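Trainee: Sequence:
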Amino acid sequence: MSHSNVVLVTGASGFIGSHVVVQLLDAGYCIKGTARGEKLNSLRDHFKSNPSFEAVQIEDIVSGDFTAALKDVGDVIHVASPLAGREEPEATLNAALEGTLNVLRQSVKAGVHKVVLTSSWATTLDHWGNTSREDLLATGRSPLYVYCGTKMLAEQAAWKFTEEHPDLDLATST
1 MSHSNVVLVT
11 GASGFIGSHV
21 VVQLLDAGYC
31 IKGTARGEKL
41 NSLRDHFKSN
51 PSFEAVQIED
61 IVSGDFTAAL
71 KDVGDVIHVA
81 SPLAGREEPE
91 ATLNAALEGT
101 LNVLRQSVKA
111 GVHKVVLTSS
121 WATTLDHWGN
131 TSREDLLATG
141 RSPLYVYCGT
151 KMLAEQAAWK
161 FTEEHPDLDL
171 ATST
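So for the sequence shown, the UniProt record's numbering puts the first residue at 1; every next one is plus one.
It should be emphasised that the hints constitute simulated quantities derived from the structure, not laboratory data. Some hints could be false.
As a list, the in silico BS3-like pairs of lysine-lysine whose alpha-carbon atoms are at most 25 Å apart [to be verified]:
#: 1; residue 1: Lys-71; residue 2: Lys-39
#: 2; residue 1: Lys-160; residue 2: Lys-114
#: 3; residue 1: Lys-109; residue 2: Lys-48
#: 4; residue 1: Lys-160; residue 2: Lys-109
#: 5; residue 1: Lys-71; residue 2: Lys-48
#: 6; residue 1: Lys-114; residue 2: Lys-71
From a predicted model like this one, the values you see are computed outputs, not experimental measurements.
My request is simple: use the sequences and hints to build the entire structure.
Mentor: Next comes the structure, spelled out in structure tokens:
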């Protein structure tokens, strides 16, 4: 992790995100955790006794402004991801891709040098490396197929982003 001991965790109200927050707090980090809607209040209530935690509202990860959330942040752990099956596959894909790119763009703008992107086991399989947007959006795809494909395409977009921003240190976890 970088010089600042403040870490922004996107999707902090989710199952994985909340566990990431707990582990970072236990390790002595100060955390800013993002959530939206009613999840924000639940997140605040859950960590209200910990002065090292701050809940931050980001209503739309695709177009939301992270300026305030990224103030004094040294590292970002991007956990937020849409759940497949709740929306049409194209909306899920756009949220995954554009949400990831928005987090990366705004992290670079804020001077963050390290971003960890939670990925999926599916990205390690050869099959998913050849998945195209068109294939993913073909009709009749199961929510699992859409989820795995969006994780793969979002990770590929993140690595491409780092080619254009070599000062950004990106790591993925599966």
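Trainee: Now tell me, hint by hint, if it's right for this structure.
Mentor: Outcome of the hint check:
Between the alpha carbons of Lys-71 and Lys-39 the distance comes to roughly 22 Å, so the proposed pair stays at or under 25 Å and holds. For the hint linking Lys-160 to Lys-114, the alpha-carbon distance of about 16 Å falls within 25 Å, and the restraint holds. A C-alpha spacing of about 30 Å is found between Lys-109 and Lys-48, which places the hinted pair above 25 Å, so the restraint is violated. For the given pair, Lys-160 sits about 17 Å from Lys-109 by alpha-carbon distance, which is consistent with the 25 Å threshold.
Restraint check for Lys-71 and Lys-48: the C-alpha separation of about 21 Å stays at or below 25 Å, so the hint holds. Straight-line distance between C-alpha atoms of Lys-114 and Lys-71 comes to about 15 Å, which keeps the hinted pair within the 25 Å bound.
Going down the numbered hints, you'll see the structure goes against just number 3.
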